[in-house]
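Visitor: If you read the protein sequences in the order shown, they are chains A and B.
According to this note's numbering, the residues represented by the first sequence are 1 to 443, in order.
According to this note's numbering, the residues represented by the second sequence are 1 to 443, in order.
It is worth saying that the hints were derived from the structure and are not from the lab.
By construction, the Cβ of each residue, glycine as well, lies at the ideal position given by its N, Cα and C atoms.
Okay, the calculated beta carbon distance ranges per label pair: (1) A/Asp30 x B/Leu440: 50 to 58 Å; (2) B/Asp370 x A/Glu12: 22 to 30 Å; (3) A/Ala166 x B/Gly317: 47 to 55 Å.
Number of protein chains: 2
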Amino acid sequence: MSLLPSILAKREGRALDETQIRAFVTGVTDGSLPDYQISAFLMTIFFRGMDRGETVMLTRAVAESGAVLDWSDLDRPTADKHSTGGVGDKLSLVVAPLAAVLGVAVPMLSGRGLGFTGGTLDKLEAIPGLRTRLDHAAFRRQVSALGCAFVGQSEDLAPADRRLYALRDVTGTIESTPLIVSSILGKKLAAGPRSLVIDLKVGRGAFMPDLAAAKALGRALRETAAAFDRPCSVIFSAMDAPLGRAVGNGPEVAEALAVLAGRGPAGVRDLSVELAAEMLRLAGASSDREAARAAAAAALDDGRALARFGEVVDAQGGRLGEPAAGWGLPAPAHRRAVTAAAAGHLPAPDAGRVGWLAVELGAGRRMAEDGVDPTAGIVFRRDWGERVAAGEELAVVEGCDAARVERAAEGLARILAPRPEPEPAPPLVLARLDEHGFRLGPV
Amino acid sequence: MSLLPSILAKREGRALDETQIRAFVTGVTDGSLPDYQISAFLMTIFFRGMDRGETVMLTRAVAESGAVLDWSDLDRPTADKHSTGGVGDKLSLVVAPLAAVLGVAVPMLSGRGLGFTGGTLDKLEAIPGLRTRLDHAAFRRQVSALGCAFVGQSEDLAPADRRLYALRDVTGTIESTPLIVSSILGKKLAAGPRSLVIDLKVGRGAFMPDLAAAKALGRALRETAAAFDRPCSVIFSAMDAPLGRAVGNGPEVAEALAVLAGRGPAGVRDLSVELAAEMLRLAGASSDREAARAAAAAALDDGRALARFGEVVDAQGGRLGEPAAGWGLPAPAHRRAVTAAAAGHLPAPDAGRVGWLAVELGAGRRMAEDGVDPTAGIVFRRDWGERVAAGEELAVVEGCDAARVERAAEGLARILAPRPEPEPAPPLVLARLDEHGFRLGPV
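Next up, chain A with everything else stripped away, as it sits in the complex (with noise of 0.2 Å):
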């Protein structure tokens, strides 16, 4: 069957009908539709977009387009987060194992990063040892046994994303709210988590540079979820500055361990509290958010958490060591670093070339087929706007590769210049979308 047609009445700025959105979906799928058509047809849904109907039954057939996993014999709650993808983004290492202890199923699906965005894959990848291909049997069994395990996406899972993904990624059509509503929800659908919270990142650094249009997209993920009787709140989280003070694979780990340990920096640690308070929320394990950030809280301060993050570990054959040993993740073969040039107050840096930077480092890939230095990162040793005296030490860069530890710390050099007047730093939470609509800040 043809594309042809659908991109026409599309062109035209006509609604496409079930049947003609579960044929594209098939042919995608089953590979008998060509990329040409099909990326023609992405551009063509990017400037007309898609109506609400349309998006839902987008968003079923890529669900629907693999497996489809169900959690409903578990004796807990499912729930699930989701970012959009920032800049030292380490939040899902902290907020599954949390929720986890606190009565939720966290059966998370992750990534592997590409371009400035880091992936939840890569970094736990830094822990020696630790696999992330469970087959559906295993990661059932840990998310029985554990309220949380940490997969990568399988082949069988939503394969007409991973098409669509591919072509949107070559050709200018990634930026579309329907198309990425049924990228994210098609895959958390197939996933099975009953409630889902979602980090949208806006600024600089993440793809969402405004409020304005990230509130569009969080409203048509949560309206879409709705369709399909998912319970679904947005955090809309600033990413103009990189998140914590660590960016790159161990590093960030290495943070998040900080982090379930009850200590590492405040802006990690309050996302952490906040996005898993919802997902208890959401999920019904807590009917109250004040109660909800209190548990989440004490379960990072009582050691609960960190305990659970290294039974999850173990079961997944990685191998943490001791916290003054930097928890046995490897060490970078060379650092540099990084000190101001004169006295005055650390911008905030932009997330967007900070996270280039550590790309250049080897912490990401350019392209999908790269691999990545688990040692490669950068550290911060000072937070936004602090003041700084001439020669203090701002920041160090680590990796496996001298020469390009060296470049990195010079781009991060520049960066990083003090500026004269401290900068306001905005709130880490911008607003939230929930049940009760949307509201600026972090009530």
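Add chain B to chain A, keeping to what the hints say.
Guide: The following block gives chain B in isolation, referenced to the frame of chain A:
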């Protein structure tokens, strides 16, 4: 070099520069760009358009993607005629030899039909023995000797257009002004005539349904041609009903021969005279439009145009017979008359419907790989709007396949059902665009 930055720039509405457009066309020609990026880019151009400068750059790049013919050593001026495609459009067969006997060389490159639009090569190949594959040297010799040759576009002329057109055809990106302009003029610039008359078909049997859209395309064609110092006139002609009384390859050759012999339907003759006269005027072979029309009419009436057509057919290996013996064209195995079910006025049939009926009959192609039946076609017996009696023969359907002839005759009977009142016939020439601007009517 990736096309992605150009896709993104155009997607955001920015104009592309010469380097980006050259790189695109080079990547299309040498095969280094993948189909899926080209088709996403074409759809982006469909939605965002191109300004005049971009259109000129794209046209130049397409023209220069292969060999460029140069006719400056001929002792006569060169001109060409291009039709945007219609049903029953056999004008090239008349106009090329007609202009040639009046002192203008016509190095005409023709195409094959696809969909309901016929192709000059298919029509000519209904003549037994006629070859349309001439190499550049033979093409040059024949144009020099006879002022006219009918050849298919060789592989090495504007090769970028071949790949682009094939992709546009299957991705819903045909109807884009800059893509149409660069395709038509890119090929014409490569073929080398110094001036160009465009027969821009308007109506339900053309890809331009209304005059407003056609006018915009006509202006873009004329302005782009001007940037290459090529005089270009556009004649906007009606394509609501088929042109003339014959549709189908063999039947259209017979009708063209009748017009070349000074007979045939008035519409085909008048439009042939109009187009040939404009070619003479643009090429400088006649400074006065009225004189040019008179010269063209005379060359049809005194047999010179027919004689020249015969010489061209001879030179290309074709064999024509006596008019009384159907010019030696292959006879259809099956014929079926369509008669009037009741008295009334013959309606002007929808050219699109008649065109698809002819395709079903075997006269045209649904896909580029399909073959055609040279004998398949429809010959109308009366003019649109004429009063007919019940049982009177309105048309004959012909072809090699009895079942198809039968089906087409049934479809045609529905289309030709007489009406109580005559419909007013629109003028054949709707408007023209030349150095004096745009004017309605055939002036």
